[in-house]
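Quick note: the sequence shown, position 99, residue 99 per full-length UniProt numbering, numbers continuous.
To be clear, the hints were calculated from the coordinates, so they are not data collected in a lab. Using N, Cα and C, we set each Cβ at its ideal position, and we do this for glycine too. Hints are supplied without guarantee of correctness; some may be wrong.
Computed Cβ-Cβ distance ranges for the label pairs, DEER-style [claimed, not checked]:
id	residue 1	residue 2	range
1	P46	V110	32 to 42 Å
2	P94	N34	36 to 46 Å
3	T41	I82	19 to 29 Å
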Amino acid sequence: YLWFESTMHLMVSTPPPHSFVVEGTLYVGFVMANPTHCLFTKILNPGDVFVFPFGLIHFQFNIGKTAAVAFAGLSSQNAGVITIANAIFGSNLPINPDILAKAFQLKKNVVKYLQSRY
Numbered sequence: 001y002l003w004f005e006s007t008m009h010l011m012v013s014t015p016p017p018h019s020f021v022v023e024g025t026l027y028v029g030f031v032m033a034n035p036t037h038c039l040f041t042k043i044l045n046p047g048d049v050f051v052f053p054f055g056l057i058h059f060q061f062n063i064g065k066t067a068a069v070a071f072a073g074l075s076s077q078n079a080g081v082i083t084i085a086n087a088i089f090g091s092n093l094p095i096n097p098d099i100l101a102k103a104f105q106l107k108k109n110v111v112k113y114l115q116s117r118y
């Protein structure tokens, strides 16, 4: 699939976002777009590289017992980051809780609580 282990390939054009693990163990993955929403994951150890497709929701989580160190390569000098929970529940003007309750299949009071945390 879209991950490479222990080797790095020369990229002729702009490289896709990726992580290279130096120390520790990371659990990484991404979710495909509609309609499949398929989750692809991998456990990375030192020397492993994982490539994230452009524009998809992805994550990195330290599952080791020590600190993890990884280098992230992005496709731009200023690629930016959008933290999904912050953007949705902490938007400046809040998104109507009725809309979020329906979208996430939550009770309205849960949505209001989440919005209060951001």
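- Should the hint that P94 and N34 are 36 to 46 Å apart at their CB atoms be regarded as holding? 25 Å, violated
So does P46 sit 32 to 42 Å from V110, Cβ to Cβ? 40 Å, holds
- Item | T41 versus I82 beta-carbon gap, inside 19 to 29 Å or not | At 21 Å between Cβs, range holds.
Hint compliance for this structure: hint 2 is the single one not met.
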